[in-house]
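Given next are the chains, with one letter for each unit.
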Amino acid sequence: MAKATRVTNSIRALRFAHDEMTQADLAVHLGLTRQTVIAIEQGKYSPSLEVAFQIAHVFDRPLDDVFSYGEGDAL
Amino acid sequence: MNDTALPHDETEDERVPMTMDERGVWVYLVAVVVTSGAYLAVMIPRTLSEPIAEISWVTPMLWALGVSVFSTIVGSIVAAIGSAVTISTRGDNPKVELASDERDKEIKRYGDRKTYGILGASMFVTLVLAMIGADLFWIANAVFVFGTTGAIVETIVKIRAYRRGF
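So the protein sequences, as listed, match chains D and R.
Residue numbering for the first sequence follows our numbering, beginning at 16 and increasing consecutively.
Residue numbering for the second sequence follows our numbering, beginning at 278 and increasing consecutively.
Quick caveat, the hints were computed from the structure, so don't treat them as lab data.
Even glycine gets a Cβ: it sits at the ideal position worked out from N, Cα and C.
Any given hint could be a false lead.
What the hints assert, rightly or not - Simulated DEER-style distance windows between Cβ atoms:
#1 36/D with 361/R: 47 to 57 Å
#2 329/R with 21/D: 31 to 41 Å
#3 58/D with 416/R: 39 to 49 Å
#4 65/D with 372/R: 11 to 21 Å
#5 43/D with 412/R: 41 to 51 Å
#6 310/R with 44/D: 33 to 43 Å
#7 319/R with 33/D: 52 to 62 Å
#8 372/R with 63/D: 17 to 27 Å
Kindly produce the complete structure, drawing on both the sequences and the hints.
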């Protein structure tokens with residue numbers, strides 16, 4: 016199925032790199048539902064800028080390490 | 278990072294329960310389809326067989342609207358209780374599984390936006406019917422049909438957004 020957004024992310028990999036953090040744990044950190052975390056991971060939902068920064072903050076990474084936009088696409 | 282090389286937690290991607298808002302959308306869709314379908318099933322044969330001026334449409338329409346609102350409220354409450362029981366049985370966190378968040382709010386706005394066109398068409402048709410002096414039956418039922426159509430489109434758009442993204 017085509018993804019709803021061209022924003023891709025490394026959240027799944029980052030979760031596993033952080034003591035195999037579960038989607039539910041990340042949802043608690045962010046104040047979101049697990050369904051929303053799943054939708055973000057699967058590229059079905061682009062979070063708000065604030066949530067994007069919060070996700071980067073949870074993993075202690077810059078935003079660019081967590082999210083990227085359509086590699087090679089012209090802006 | 279390459280996600281395919283990651284260990285897979287079986288519990289992570291299992292079918293997750295719907296959020297409370299998504300359940301509400303489903304309940305609303307079912308309520309609108311059933312009550313409006315029942316109303317139309319009663320009214321269309323009458324419209325075809327009786328003079329318009331003699332058709333009693335106010336009471337059936339009030340019933341359809343009332344039952345739709347009531348069943349949506351009751352259905353949402355029952356669905357919420359059912360979800361809470363299921364989640365507590367599984368030992369999951371209800372706040373993480375059921376609460377509303379920014380995605381729910383955005384999907385609500387997205388669904389509302391998609392029905393503006395139907396609302397506009399409804400107003401236009403109603404105005405034209407009033408201008409040409411159409412019977413109240415036609416004016417009221419035009420509003421009802423457009424309202425039903427708008428509600429169905431709105432809920433389908435929202436469900437699609439929940440399932441496939443937007």
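Checked hints:
no.: 1; hint: 36/D with 361/R: 47 to 57 Å; result: violated, 25 Å
no.: 2; hint: 329/R with 21/D: 31 to 41 Å; result: violated, 54 Å
no.: 3; hint: 58/D with 416/R: 39 to 49 Å; result: holds, 46 Å
no.: 4; hint: 65/D with 372/R: 11 to 21 Å; result: holds, 19 Å
no.: 5; hint: 43/D with 412/R: 41 to 51 Å; result: violated, 58 Å
no.: 6; hint: 310/R with 44/D: 33 to 43 Å; result: holds, 39 Å
no.: 7; hint: 319/R with 33/D: 52 to 62 Å; result: holds, 59 Å
no.: 8; hint: 372/R with 63/D: 17 to 27 Å; result: holds, 19 Å
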